[in-house]
Amino acid sequence: MAATSGEARRAQPVTTTAQVAQSRDVGAYRQLTLLAPGVAQTARPGHFVALAIGDERSSMLLRRAFSIHRAAPGEAGTVDVVVADAGPGTHWLSELRPGDEVAVLGPLGNPFPVPTAPTSCTLVGGGYGSAPLFWLAEVLRDRGCRVDLVLGAATEQRLFGVETGQQVADSTTVTTDDGTTGAQGRVTDALPQVLQRGRADLVYACGPMAMLRAVTEVAASHGAVAHVAVEESMACGVGVCMTCVLAVRDDDGCTRMVRSCVEGPVFRGDRVRWDAWQDGLGQVPADALGAPSGGH
Amino acid sequence: MAATSGEARRAQPVTTTAQVAQSRDVGAYRQLTLLAPGVAQTARPGHFVALAIGDERSSMLLRRAFSIHRAAPGEAGTVDVVVADAGPGTHWLSELRPGDEVAVLGPLGNPFPVPTAPTSCTLVGGGYGSAPLFWLAEVLRDRGCRVDLVLGAATEQRLFGVETGQQVADSTTVTTDDGTTGAQGRVTDALPQVLQRGRADLVYACGPMAMLRAVTEVAASHGAVAHVAVEESMACGVGVCMTCVLAVRDDDGCTRMVRSCVEGPVFRGDRVRWDAWQDGLGQVPADALGAPSGGH
Amino acid sequence: MGQEVDLSTQLAGLRLPNPVMTASGCAAAGRELQQFFDVAELGAVVTKSVMRAVRSGRPTPRMAETASGMLNSIGLQGPGIDAFIAHDLPWLRSVGARAVVSIAGGDVAEFRELAQRLGDQPGVCAVEVNISCPNVANRGLVFACEPASSAAVISAVRAVLPQRIPVLAKLSPDVTDIVQIASACVDAGADGLTMVNTLLGMSIDLDRLRPKLASRTGGLSGPAIRPVAVRCIWQVYAAMQAGLLTQVPIVGVGGVRSGGDALELVLAGASAVQVGTAIFNDPCAPIRVRDELAHELAQRGIARFTDAVGRAHATPAPLTPAHTTPAPLDL
Amino acid sequence: MGQEVDLSTQLAGLRLPNPVMTASGCAAAGRELQQFFDVAELGAVVTKSVMRAVRSGRPTPRMAETASGMLNSIGLQGPGIDAFIAHDLPWLRSVGARAVVSIAGGDVAEFRELAQRLGDQPGVCAVEVNISCPNVANRGLVFACEPASSAAVISAVRAVLPQRIPVLAKLSPDVTDIVQIASACVDAGADGLTMVNTLLGMSIDLDRLRPKLASRTGGLSGPAIRPVAVRCIWQVYAAMQAGLLTQVPIVGVGGVRSGGDALELVLAGASAVQVGTAIFNDPCAPIRVRDELAHELAQRGIARFTDAVGRAHATPAPLTPAHTTPAPLDL
Ligand SMILES: Cc1cc2nc3c(=O)[nH]c(=O)nc-3n(C[C@H](O)[C@H](O)[C@H](O)COP(=O)(O)OP(=O)(O)OC[C@H]3O[C@@H](n4cnc5c(N)ncnc54)[C@H](O)[C@@H]3O)c2cc1C
Ligand SMILES: Cc1cc2nc3c(=O)[nH]c(=O)nc-3n(C[C@H](O)[C@H](O)[C@H](O)COP(=O)(O)OP(=O)(O)OC[C@H]3O[C@@H](n4cnc5c(N)ncnc54)[C@H](O)[C@@H]3O)c2cc1C
Ligand SMILES: Cc1cc2nc3c(=O)[nH]c(=O)nc-3n(C[C@H](O)[C@H](O)[C@H](O)COP(=O)(O)O)c2cc1C
Ligand SMILES: Cc1cc2nc3c(=O)[nH]c(=O)nc-3n(C[C@H](O)[C@H](O)[C@H](O)COP(=O)(O)O)c2cc1C
Ligand code: FES
Ligand code: FES
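Protein chains in written order, with the numbering used here: chain X, 1 to 296; chain U, 1 to 296; chain Y, 1 to 331; chain V, 1 to 331.
If you're looking for bench data, these hints aren't it; they were derived computationally from the structure. Where hints are given, some of them may not hold.
[Unchecked claim] Stretch by stretch, here's where chain Y covers chain U in the computed footprint (C-beta under 8 Å, at least three residues):
no. : segment
1   : 23–36
2   : 138–151
3   : 175–189
4   : 207–220
5   : 239–250
[Stated by the list, open to error] Computed list of chain X residues with no C-beta within reach of chain U, every gap over 10 Å:
no. : residue
6   : Ser59
7   : Ala86
8   : Arg143
9   : Gln283
[Unchecked claim] Sample of chain U residues facing chain Y (criterion: CB under 8 Å; computed from the structure):
no. : residue
10  : Val20
11  : Leu96
12  : Gln166
13  : Val168
14  : Gly282
These numbers were taken from a predicted model, which means no experiment stands behind them. In this text, a Cβ means the ideal position worked out from N, Cα and C, and glycines have one as well.
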């Protein structure tokens, strides 16, 4: 199994008001380029930002979390995010125009751990879940890794970054549920072949929970370790509210309800208690530390 | 006493989404030109509109009321309002830019009653309260009336429409509390002389309650009738909520708590129970119909 | 799309073409809204709570805006029952609107008298009893705060009204145990429950350093309180399902601004829904909510409104053991 | 401008440099916020309610956004008192923060034990007793819903804590008569009252047609509930002024997002203010609220924070008879 570096994983988050430098449609999504040098400086692939919706009079109090698609440090210091218009908050963000302002909090969470030595890696993205993978691919390639990419979505419009993938990865495989482009099927249908071809030791995945679970299982059956970025509802993003927990086994095999915002969002797939997660509900396993719950 | 026409006073209000055609600073205020043909068509001086703040996710549920400064019927059909940035709602409105949309409800309320025969009229405006008076002045002049204007404010910046006044009225007198322009003092200091000079039979006033009261008294002492536009907090603007009431005597001398949105906002000054209004509180006079209150 | 959905609903024998009503005190007696849409198209118009005598209400300011809500302290200003019967009821009949008449009183006798007066009036579809008003005999404590005084009012009203007129008890959320109050009302003969009235709230004027409302406290309404309304409806509906109280229809009210909001109350257990404060933002809100509700139901493939009532009480899918086939992606 | 104002306040013998605290459960034990500002600059850090044992909390989703608010159902996930004493308290001491430790229990014995453990720990400035948790012995009814069980918890805690550590009883607004509960707590020895905890609420997922929270109901917080918090503070403060219960300081909490919001609670009667949900919108909210509060006071010419406490209770100027001199214009 490949060693991954744990150094300097968490970054010092900052709160800042960013100007929107660009906003453009990319398939079914909207890509925002935000001027946020303080965030861009320390961001690494897998970090996320939390964007506030509206001003201090907004009826939507909670920030929305977005994987950083790409950060360009430097004086201008931009951070790109890819937004799916899924509800009122993301809708508000989708309508931002260049020059508008948005409050940004980040970089948050733990980024993808990267191998210390050249390793063969397969990156799997579902829908907008591919957003952080291209930057990760570049970082991995810079370290001498082989990178194979698998991108899937329900339909062509909901794929993100296929062209970029073709530029940054050694191979790019595309699947769609409806077969509008690429192979018809799921990413996990294509994954075994990609893993075999690339002899991957490491798998990185970002997308819906059901996909992450399946990717973890396929990776394991091919002797690879999966690092998956989960997406739990988060109220604070910084570790103070305990809304974003997930059942995860620690080194000693003990299951704890850990905060995905600060102890994740990237977890080793084989540590996540997938059996406790279904249909949008995250159960507290009976053997978890401090289970069962009572009180409120 | 001059006869005023009561015909066709209330208009059929409509709800519409208006585009902002123009937004510009005028002294301390912001003048908005809204494309609202349905409203412009039936509006008359003294009518008001109620503007919604933000969209269906706004935390500010209640509309804000604004006197119509001027309505230009026709195909384009514009309505102008003059907005003082006094709080979060008016601040939001002040920041609207051409092309933005705002929900408009109007025309609401009863306009200023206009005399059926040529009459000498004095119009008194305090601060942005002068906004509806210039259009009124034009209507009065069209009917052969003499129009003297008295405009007052705390300071020069808070006067509205002095130049327009000089164009549309027979005379324009300006007062400021701090003497930055015009005579130092209040509108009621200047009013007696204007009334005498113009031999006014009718006085129209719009501004803060304390001013309206004083104007009513000065008018009475000069044998003139005052029509004043009051400004009560309004939740609905259309007569269904009962928040906007004011103690007013009817023809028989009986005091009732009447809705200023539909039975006003223009009242005969000598009918308003000024004794029941002080320091932002509107009391229910003990002799009012249905007083005293209990319950909730 | 909307046309496919059967919106009709049943409230204790009263059949309504659709479940959307105005909330008491937010639509006067319907006349002013007729300028914007035909109030006869609503499920019903619930009129402002009327008392025996003409009332001038509370001093002003009577309202204050709050975050996603507002406070009001109108003080039940109104013309009194005689004028209501002489002017408002006939008008509602003349336009073909279904009238649910809300009544309020300072003591049981006043409630009884109001119900008596209404019992033989044509055009009264139902009587909603606003028990969230102060009981003059009990230090001004509102009736709805105590099971016994709530029950006393409801049974007095039920006793004098003809059986064909359903009695809806309108409950206050400001109680420790709403199921207890609901239970007392149902036992006393309420044919349905309207939930909820406003929450008691207050707001301070930071310039004048005093309460914004002349009456200091007022009723909090609007989207801010919707989670409380949903919870109250849920609790009482669940208690009915569990057999803890007799099943009667619930009329949901509190923070409904859109068809989706209305659906939330319905899924929690409401057989009809009232629109209140949202009218002040949009005078067309009640009829818009009706149309949006039809659309929301159609989108979800629910052909009959009544199939949605209480639907969220169906237990969420239990967690099954780990299995390796992932659900189809819907990215 | 802010510097001119003396922000210090007194809570039952505990002197704080300023009145702004974090709200329990919204700042963990302070460590995460230290990344954004120095928590020692706050009046105090109120820690997440701790129980005897480690607790994994409730299933997810544990939160839902609502209009100007949110619902949560964390279920008091936490490390248990031993780990809290071993890790969190020493950290707070190490950075010089004032710690108000919130405790929760399923029965009186658990509360007592927690207080006992904390009594001899250095760095405990005050203990806040979260009585809004279910009483396992009483069908899970929360302690704060009944005067007797509230009093039982408070007197047990007060009895075992050294006198120098003030006990704050944290009340639930979900009661018919908050003055009654406040009174019971003060009689049982509470040195102060924290008002209010969340309101019980619920939200339905319109796609899944089931409650959004896995635990169905949850606590409603945020600006939406501020009018309820202000009203509760006002009622209890007024009752104290009227001599109906012993005067103790009130710590206000509920919907504070800005210094102006904090001032609202203060004018209603709060001697200190907690910031909760607003932290999720802005992790710097507590320190920003402190600065904004200083500014709001300075703007109003109030040189000492304590002069603002309860100020809105001064009766509004009575209406004097008609006079003809108008007040100066301020257009
Ligand atoms: C670590 C992380 C990274 C993410 N990266 C991206 C990304 O790159 N691009 C993207 O489009 N979306 C991303 N999401 C999901 C995104 O945060 C949600 O789509 C968004 O919060 C929905 O907000 P809304 O107001 O549009 O929807 P609503 O459903 O109205 O939101 C209501 C509340 O639920 C929360 N919520 C709703 N859906 C989700 C969700 N899927 N995940 C977490 N919280 C949710 C919201 O934050 C909000 O608090 C990410 C989420 C997480 C946790
Ligand atoms: C008939 C009428 C005509 C008006 N014409 C004008 C005009 O031409 N230009 C102009 O600038 N303003 C006018 N006003 C006042 C304007 O409506 C208020 O300034 C505005 O509502 C304040 O909103 P806000 O959100 O900025 O302030 P906030 O104080 O935050 O408002 C909070 C709530 O109080 C109400 N409110 C606050 N101040 C007033 C007030 N002075 N009068 C009525 N309600 C108030 C608001 O409508 C809102 O519901 C008029 C008011 C009325 C009733
Ligand atoms: C201005 C106003 C007046 C009200 N008057 C009454 C009333 O007379 N009788 C009554 O039962 N409820 C009254 N209510 C309460 C509403 O009917 C409704 O229960 C409450 O406002 C919650 O619904 P909403 O959020 O849709 O407004 C009033 C509410 C408002 C805002
Ligand atoms: C996520 C979350 C967790 C909370 N946990 C606790 C808790 O453990 N103990 C407690 O007394 N109150 C808890 N509360 C309630 C808050 O301390 C506060 O009383 C309430 O949220 C109202 O204040 P706010 O509107 O500023 O959030 C919690 C609130 C939230 C939002
Ligand atoms: S989102 Fe608050 S702890 Fe993770
Ligand atoms: S503002 Fe509603 S009745 Fe006048």
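Hints, one by one, checked against the model:
Coverage of the segment 23–36 of chain U by chain Y is violated. Counting CB-CB distances below 8 Å, 0 residues qualify, and the rule asks for three or more. Residues of the segment 138–151 of chain U lying with their CB closer than 8 Å to a CB of chain Y number 0, which falls below the three-residue condition for coverage. Note: the segment 175–189 of chain U has 0 residues with beta-carbon separation from chain Y under 8 Å; the three-residue rule is not met and the coverage is violated. Counting residues of the segment 207–220 of chain U whose beta carbon lies closer than 8 Å to any beta carbon of chain Y gives 0, which falls below the threshold of three, so the coverage claim is violated.
Under a criterion of three residues with beta carbons nearer than 8 Å to beta carbons of chain Y, the stated coverage of the segment 239–250 of chain U is upheld, 8 such residues being counted. Separation of serine 59 of chain X from chain U is inadequate, the least Cβ-Cβ distance of about 4 Å not exceeding the 10 Å criterion. Every Cβ of chain U is farther than 10 Å from the Cβ of alanine 86 of chain X; the closest lies at roughly 15 Å, confirming the non-interface assignment. No Cβ of chain U comes within 10 Å of the Cβ of arginine 143 of chain X; the nearest lies about 45 Å off, and the non-interface call holds.
Distance check for glutamine 283 of chain X against chain U: the nearest CB is about 32 Å away, which clears 10 Å, and the non-interface claim stands. A hinted interface residue such as valine 20 of chain U counts as satisfied when its beta carbon comes closer than 8 Å to some beta carbon of chain Y; here the least separation is about 19 Å, so the hint is violated. Look at leucine 96 of chain U: its Cβ only gets to about 18 Å from chain Y, farther than 8 Å, so that hint breaks. Below 8 Å, beta-carbon pairs count as interface contacts, and glutamine 166 of chain U has none with chain Y, the closest being about 35 Å; its hint is therefore violated.
A hinted interface residue such as valine 168 of chain U counts as satisfied when its beta carbon comes closer than 8 Å to some beta carbon of chain Y; here the least separation is about 32 Å, so the hint is violated. Taken as an interface hint, glycine 282 of chain U checks out: its beta carbon lies about 4 Å from the nearest beta carbon of chain Y, inside 8 Å.
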